[in-house]
Structure formats: structure tokens, C-alpha cells
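Enquirer: Letter by letter, the chains look like this.
2 protein chains.
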Amino acid sequence: MSEEQENIQFQLTDELIEQVENLIEFKNDKDLKTLLMDFHHADIAEILDEINLEEAVYVIKLLDSETTSDILIELDEDTREKILKNLSAKEIAEEIEELDTDDAADIIAELSEERQAEVISHIEDTEHRDEITELLAYDEDTAGGLMAKELVKVYETWTVAGCLRRIRGQAKDVRRVHSIYVVDRQNKLKGRLSLKDLIVAKSDQKIADIYITSVDYVFVDEDVEEVAKIMQKYDLEAIPVVDKNYTLLGRITIDDIVDVIREEADKDYQLAAGISQDVEADDSIWKLTKARLPWLLIGMFGGLGAAGIIEQFNDHMGAFVVLLSFVPLIQATAGNVGVQSSAIVVQGLANDTIDGNIVKRLLKEALLGLVNGIAIACIGLVITHFVFSTPYIVSITISIALVAVIIMAAIIGTFIPIFLDKRGIDPAVATGPFITTSNDLFGILTYFLIAKLILGF
Amino acid sequence: MSEEQENIQFQLTDELIEQVENLIEFKNDKDLKTLLMDFHHADIAEILDEINLEEAVYVIKLLDSETTSDILIELDEDTREKILKNLSAKEIAEEIEELDTDDAADIIAELSEERQAEVISHIEDTEHRDEITELLAYDEDTAGGLMAKELVKVYETWTVAGCLRRIRGQAKDVRRVHSIYVVDRQNKLKGRLSLKDLIVAKSDQKIADIYITSVDYVFVDEDVEEVAKIMQKYDLEAIPVVDKNYTLLGRITIDDIVDVIREEADKDYQLAAGISQDVEADDSIWKLTKARLPWLLIGMFGGLGAAGIIEQFNDHMGAFVVLLSFVPLIQATAGNVGVQSSAIVVQGLANDTIDGNIVKRLLKEALLGLVNGIAIACIGLVITHFVFSTPYIVSITISIALVAVIIMAAIIGTFIPIFLDKRGIDPAVATGPFITTSNDLFGILTYFLIAKLILGF
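The listed protein sequences derive, respectively, from chains E and R. The first sequence begins at 1 in our numbering and counts up one residue at a time. The second sequence begins at 1 in our numbering and counts up one residue at a time.
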């Protein structure tokens with residue numbers, strides 16, 4: 001079992017990278033091949049992501065296209081883009097020939113339009129070429145953009161034995177046979193069948209007698225997030241994709257959906273953290289700045305707006321200038337409550353666990369804010385009065401403002417994502433800096449208005 | 001296709017729930033059964049999550065255990081717990097009989113220890129009972145806690161034909177046959193085989209000649225997150241679980257891993273938003289308060305700390321009291337930068353895209369902070385001076401403080417998660433309110449120290 005053990009326990013060490021770099025430097029192709037062929041293509045991709053471009057291109061040109069096509073799919077998008085720029089259209093076409101249609105279309109879609117046409121013209125297998133061209137026409141955020149053309153289909157008139165004989169041919173092109181789809185003569189989806197059903201059935205049975213008519217499917221223009229939800233909810237490992245006439249067009253497999261789920265979660269997380277593009281820790285400072293600066297600017301304008309509000313009240317505050325010391329308390333509380341409320345709503349919307357009644361939800365948040373607010377305000381009252389020695393009336397003012405600000409922040413944090421969602425905008429943009437900035441402003445304004453009302457300055 | 005169309009387009013409407021509630025009220029069992037049996041068990045679970053407990057128990061007792069066992073698995077944990085309390089140990093055991101071992105063990109694990117023993121004693125199928133008891137012994141966060149005992153295994157000495165004949169028996173108990181595992185007489189994992197390989201092979205071939213020896217596997221005590229990473233990286237749909245001697249114990253399927261990925265992402269998202277337990281928008285106010293108040297308290301103590309810092313400087317500030325107006329600007333900027341930096345690190349650690357060199361990473365963050373800081377400071381300088389008419393020296397002070405605070409916040413936001421990770425603590429706790437609170441304090445302190453240095457009060 002030692003071989004498989006290595007397979008799992010692959011570790012991307014500095015020593016390994018150095019070893020690869022040395023073999024490339026001395027053009028020791030034989031040892032390099034022997035070393036790399038022991039690794040899974042996903043592991044080789046990790047190595048290529050670490051070494052420099054010239055070295056990576058060297059490896060890609062060294063290995064056979066059956067392996068390198070799989071490696072290309074696993075590479076970081078940035079690395080892949082750079083490597084493809086160093087390959088000719090014909091070389092890329094050779095990689096494409098080895099790939100499933102969905103992966104092939106994904107790679108071609110990353111090329112410039114001019115290059116796309118050139119690469120496609122070099123694909124020798126005309127059926128493969130036509131299928132890829134078809135897939136390129138679909139929006140990448142739809143079921144069509146995610147599906148592969150590779151699938152196994154049978155007609156309901158076939159017998160089990162005839163079916164087994166015939167799918168042997170089809171199955172060779174399909175890496176994993178999840179389901180066998182049953183279609184009529186017009187290629188309309190009628191139902192499905194698992195390989196297990198086929199093996200368990202008697203060989204002279206008709207497909208029509210054993211197939212399952214209730215098959216889940218999605219339309220080709222369905223949003224990928226919706227596809228992910230359906231496949232998760234019903235625990236599907238593959239789902240057929242049909243057009244409006246229920247013509248079978250392709251299938252989507254769970255491994256692609258896992259990527260969709262992960263990317264979606266990463267995107268929401270980054271939006272909540274105020275990062276506006278899909279970046280990684282290892283990206284360039286320029287790319288990271290582009291992703292981070294916009295939200296910092298929004299935060300800055302919020303801060304300057306808060307300064308404006310303070311200046312308005314400052315001139316009249318007189319003896320109550322001590323109120324200024326507690327601005328950070330108000331601001332932190334408003335921000336934290338807003339982020340909590342919006343995060344729960346955004347997650348609920350993403351998981352479809354939030355039902356429609358917006359008024360009921362806002363009332364619940366207000367009540368929740370009241371409970372949290374009173375708890376925070378009581379502690380605040382004691383500490384500001386006894387530790388900071390502020391007069392009772394000022395401590396009471398701060399406490400009342402805390403309750404009001406918490407309720408208000410909870411309502412804003414709940415309302416904005418729901419509002420955006422109803423408008424068809426991704427509610428995840430209304431988390432993080434967006435909600436903290438607006439809550440900072442409203443919170444500080446509320447604080448001073450309440451103070452003015454109670455203290456009468 | 002109308003039947004399947006309903007299947008996909010299931011909508012949990014108020015009308016549907018009312019209809020179900022009416023049928024229950026009038027004990028119209030026949031129509032209720034007819035209505036519900038058209039739905040997928042995951043859809044019925046959604047209905048039960050919405051109606052009240054008595055009604056849900058009524059439905060569970062009405063339908064046959066083959067359906068209800070599947071429904072139980074799909075229910076919200078809270079709803080399931082309540083329903084199980086209303087079922088006898090014998091009734092629960094009947095549900096358990098219908099379930100795969102992994103789901104069965106999950107449900108039993110949710111019961112009190114006393115009840116667990118009672119339910120297990122009612123399971124009639126002794127093999128099923130022993131397997132479930134075995135699974136209950138594993139930690140739920142390990143491969144053992146996630147795996148199922150249901151799998152198809154063959155010996156390498158068998159022929160393809162003999163194999164097909166024999167697995168027909170085994171396959172009946174296994175919902176989906178992903179892979180067929182090849183074992184030796186001691187039940188040690190030797191390799192794998194897909195059903196497709198078996199069908200494509202000639203019937204008199206030996207298994208030993210066609211099986212794939214390089215099989216991915218995980219050890220039974222492997223962390224589930226690690227299992228998820230391996231299955232994602234290598235695009236696996238099932239993975240065998242072995243003990244230290246490579247004895248085949250069970251298998252984990254991708255649908256369970258999808259749940260692990262989703263839960264992990266949800267948990268990180270909630271931690272970043274300052275919510276400390278796994279809560280949903282529909283949970284009770286009490287449960288939501290317990291999850292939210294702790295972080296609000298941390299934020300509050302941060303705010304009070306900031307007030308303490310301001311009070312210290314306030315007495316000596318004299319003419320420079322205008323500095324107080326810009327505290328929210330400093331605070332918002334420090335918080336936003338900190339959250340951005342920590343989120344990128346936390347995500348990088350979760351996806352294994354961050355390598356070890358901590359000094360290099362901190363230097364990069366400092367440089368990034370400098371770039372962002374200078375951009376923010378320049379705009380801040382212009383606006384504070386020309387819009388707010390603060391004296392040049394004050395505007396310059398604010399700008400210098402902004403640069404310093406941004407660099408510092410970036411370094412703290414990067415350092416803390418990496419530090420926690422090295423200590424074996426989940427770095428995700430160091431996002432959200434944790435990082436904003438500490439950055440608020442350090443930011444405001446830095447601001448006034450710089451102001452004191454430049455303005456000399």
C-alpha cells in the first residue's frame with residue numbers, strides 16, 4: 001500500500017520544488033518524468049503553481065497531453081492563463097482533444113476571441129469540436145455553462161442485454177457513469193436508470209419496464225446556484241440538462257457543483273469582509289489593492305460623514321463634551337449589530353430558509369435588538385457611571401442611545417439585504433463595510449439627537 | 001413530463017401548508033397520503049419543519065417507515081429532536097432499520113444515552129445493529145463518524161462474471177454503487193474498480209487483471225475537513241475508510257462531504273459576523289441572543305476601552321479638540337482593514353493556499369497597508385483641510401495617523417489568525433468583532449499618540 005499512501009499524503013515541500021527545479025535546469029527529462037508520473041495530476045498542478053513560468057511550460061511540453069490536459073484544469077487561473085499564452089493554438093487544441101467537453105469549453109472561454117477561433121479550428125475530432133462550440137454559447141452562470149455533453153443514453157425499446165452491449169461503446173468516452181438516461185426517438189428525456197439497476201435486472205427485460213420515470217432535471221438556462229441547491233437538497237450526483245422541449249442536452253456532475261458551492265461561499269465571505277473581487281493571499285499587491293481600496297474608501301467617507309455630524313453638535317455641547325468619548329462605543333455597537341443581523345439574513349436567503357414575511361422579520365429583529373440592547377445598556381450604565389464617573393444623566397443618555405442604536409442597527413441590517421434580494425441584487429454586498437458604514441452614520445446621528453433631547457444642549 | 005416538473009419546481013407555499021394542516025385536522029388520511037406521496041422526502045421534510053409538532057408527529061405516524069426514515073434525515077435538527085421525543089424507542093428503531101448505517105448512527109447519536117441503548121436493543125437486524133454500534137464509537141468529526149458501512153467489495157481472485165453475479169446481492173443494500181472495492185482475504189484494501197470497468201470487461205477476465213491498484217483512501221481517525229479537502233482536490237465521489245492495518249471499514253460519499261463543506265463555510269461566515277453558535281434566522285430570540293450577545297459585549301468593552309483612551313488625552317488636548325471628530329474615521333478604517341486582512345488569511349488557511357513564511361507575509365501586508373494608506377491619507381488630507389477647514393497641521397496629523405493605523409491594522413489582522421492556526425486554534429474566531437475590537441483600541445491609541453507627538457499637547 002506504500003504507493004497509495006504517498007498518493008494521499010502528498011506534501012508540497014520546498015525540497016520537492018527544489019528537486020523539480022533542479023531536474024528542469026539540468027534538462028534531466030527522464031528522472032523528471034519518473035518523479036512527476038508518480039503524482040496525481042492535481043498534485044502536479046500544485047507544483048506548477050509554485051515554480052516559475054518557464055519551468056512550468058517546460059513541464060507541460062515534456063509530459064504527454066493526456067496528463068497535461070488534466071493538469072491544466074487543476075491549475076490556478078492565473079498560472080493557466082500564462083502557460084496557455086506560451087502554447088501555440090495547435091498545442092492547446094491537442095490538450096482540448098483530451099478533455100471532457102465542459103472542461104474544454106471552460107479553458108477555451110478563457111482565451112481571447114481571436115485565439116478561441118484558432119484553437120477550435122485545430123480540433124480534429126469534429127463531434128468534439130461541435131459540442132464544445134455549442135457549450136461556449138451558454139452563459140457561464142447557467143446550467144448550460146456548467147454541463148458536459150458526455151453522458152450515456154439509451155432508448156426505452158432496448159432490452160437490458162442490448163443496452164449493456166451498446167453502452168459499452170458510449171461508456172468509454174464517459175469518465176464516470178452516474179446515471180443512464182432514457183430518451184425517446186426525438187431525444188426527449190423520459191427517465192433514468194442506474195448501472196446498478198441494469199446489472200441487477202434480468203438480461204431479457206425491456207428498458208421500458210425497469211427505468212425510473214421520475215427523474216430530476218434542470219433547464220439549460222437555470223442559474224448555477226439554483227442547480228447547486230437542487231442537487232444538494234435531493235442528494236444528486238448528476239443531473240440531466242434539458243431545453244424547453246425536454247430534449248436532453250447534457251449533464252452536470254456533483255464535482256462541478258462542489259466547486260460552485262465553494263466559490264459562492266468564498267465570494268460571500270469576501271463580500272462580508274469588504275473585499276470586492278475574487279482574490280487570494282498570494283495575489284499581487286496591485287490586485288489586492290484593487291479589491292480592497294474601494295471598500296476602504298466607502299468606510300472613509302462614512303468616517304468623514306461622522307466627523308461632519310460630530311462637528312454640528314460639538315459647538316453646542318458645552319459641558320457635555322464627555323459624550324464624545326463614547327462615540328467609539330456607539331459606533332462599535334452599531335457596526336457589530338448590523339453585521340450580525342445582515343449576516344443571518346444573507347445566509348438565510350442563500351439557504352432558502354427565510355420565508356417571505358418581511359414585517360414579521362423586522363419586528364422579530366427589533367425585539368431581539370431590544371433584548372440585546374437592554375442587556376448592553378444596563379452594563380453600560382453601571383460602568384460609565386461608576387468607572388468613568390460621568391453624571392447619572394449622561395450615563396442614562398448613553399444607555400438609552402445604546403438601546404435605540406442597537407434596535408435601529410438590527411432593523412437596517414435586516415432590511416437592506418432583504419430589500420436588495422427582492423430587487424434581484426446579491427444581498428451579500430450589503431454585509432461588511434457597507435452595513436458598518438451606514439450604521440456608523442445612523443448610530444452616531446441617533447446618539448447625538450437623543451443626547452440633545454435629554455440633555456437639552 | 002408534468003410529474004417531474006412538479007418534482008423540481010416544488011414551492012413551499014402558505015396554501016400548501018394550509019392544505020396539509022386542513023387534511024390533518026379532519027383526519028383525512030387518504031387524501032393526505034395521496035398529496036404527500038407525490039413529493040420528494042426532502043420536500044415533505046420542509047413541510048414538516050413549518051407545521052406544528054403535533055401535526056408533524058401525525059404525518060410521521062401516518063406514512064410508512066421507508067418514507068418517514070428518509071424524511072427524518074432531512075428535517076431541521078430541532079424539529080427532528082422534538083418529533084423523536086414523541087416516538088417510542090420501538091418506533092424509532094423501525095425508522096432506523098430503513099436507514100443506511102451512517103444516517104442511522106447520526107440519528108441515534110442525537111438521543112440521550114439511555115434512549116440510545118433502548119433504541120439499539122429494538123433493532124431486529126443484528127448485523128445492522130452491530131454496524132451502527134461500531135459507528136457510534138467514532139468521533140463525529142472524524143472519517144469514522146461520517147462513513148457508512150454499506151459498500152460493495154470483491155476479492156481479486158474472482159472473475160468478472162462471478163463478480164457481477166455476487167455483487168447483485170450486495171448491491172441491493174447499497175443505494176448508490178460508486179466504486180467496488182477489491183480486498184484480500186484479511187479484508188485489506190487492495191484497490192478499486194468501477195461498475196463501468198466491470199461492464200466493459202470481458203466476463204471471463206479475473207478481477208486481479210482489471211482492478212486499479214492506486215486507490216485513494218483515508219484513515220478512520222482522519223479529520224472530516226481533511227477528508228473534504230482530499231475528496232475535492234482529487235474530484236472523488238466516494239472514498240474508502242481504512243484502519244491502521246488498511247482493513248476496509250467503510251466508505252464516505254460526496255453528498256456527506258457537500259454538507260461538511262457547507263457547514264464549514266457557514267460556520268466561518270458566522271464567526272466573521274460575530275455570531276458564536278450555529279443559528280438560523282428562524283431560531284428563537286433566546287437562542288439568537290445567546291449567539292450574538294457575547295460578541296456585542298466584547299465590542300462594548302472595546303468601546304469603553306476607547307472611551308478610557310480618549311479621556312486620557314482629552315484633558316490635555318486644548319485647541320486640538322477637533323481631533324475627536326475624526327475618531328470615527330480612524331476607528332472605521334482600522335476595523336475595515338483588519339477584517340479584510342484577517343479574512344484573506346483565514347480563507348487562505350482554509351483552502352491551504354497559504355505557505356509557511358510568516359515574516360514574508362507580514363511584510364507584504366505592511367507594504368499593501370502602505371499603498372492603501374497613502375491613497376486614503378491623500379484623499380483624507382484634501383477633504384479634512386478644505387471641507388472641514390481644519391488647520392494644515394491637524395489635517396497632516398490625521399493623514400499620518402491614517403497611514404500608521406492602516407499598516408498596523410493590516411499586520412494585526414494578518415498575524416493573529418496565523419498565530420492561532422499555529423497554536424491549533426480555529427483562525428476563524430479571529431475575524432469579525434474580535435479583530436475590529438482590538439483594532440479599534442490600537443487604532444485610537446495610535447492616533448492620539450501620533451497627534452501628541454506632532455501637535456505637542
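Bear in mind the hints are in silico, worked out from the structure with no lab data behind them. Keep in mind that the hints are not guaranteed to be accurate.
Intra- or inter-copy, both count: the list cannot distinguish identical chains.
Below are the PhoX-like pairs computed for lysine-lysine, each with C-alpha atoms no more than 20 angstroms apart in a straight line [stated by the list, open to error]:
| id | residue 1 | residue 2 |
| --- | --- | --- |
| 1 | Lys364 | Lys287 |
| 2 | Lys27 | Lys229 |
| 3 | Lys267 | Lys229 |
| 4 | Lys452 | Lys360 |
Enquirer: The structure should be examined with respect to each hint, and the outcome stated for every one.
Expert: Structure-based check of each hint:
1. Lys364 - Lys287: between (41 angstroms within a copy, 13 angstroms between copies)
2. Lys27 - Lys229: Neither: 49 angstroms inside a chain and 34 angstroms across chains, both beyond 20 angstroms.
3. Lys267 - Lys229: For Lys267 and Lys229, the Cα distance is within 20 angstroms both inside one copy (17 angstroms) and across copies (18 angstroms).
4. Lys452 - Lys360: neither (32 angstroms within a copy, 51 angstroms between copies)
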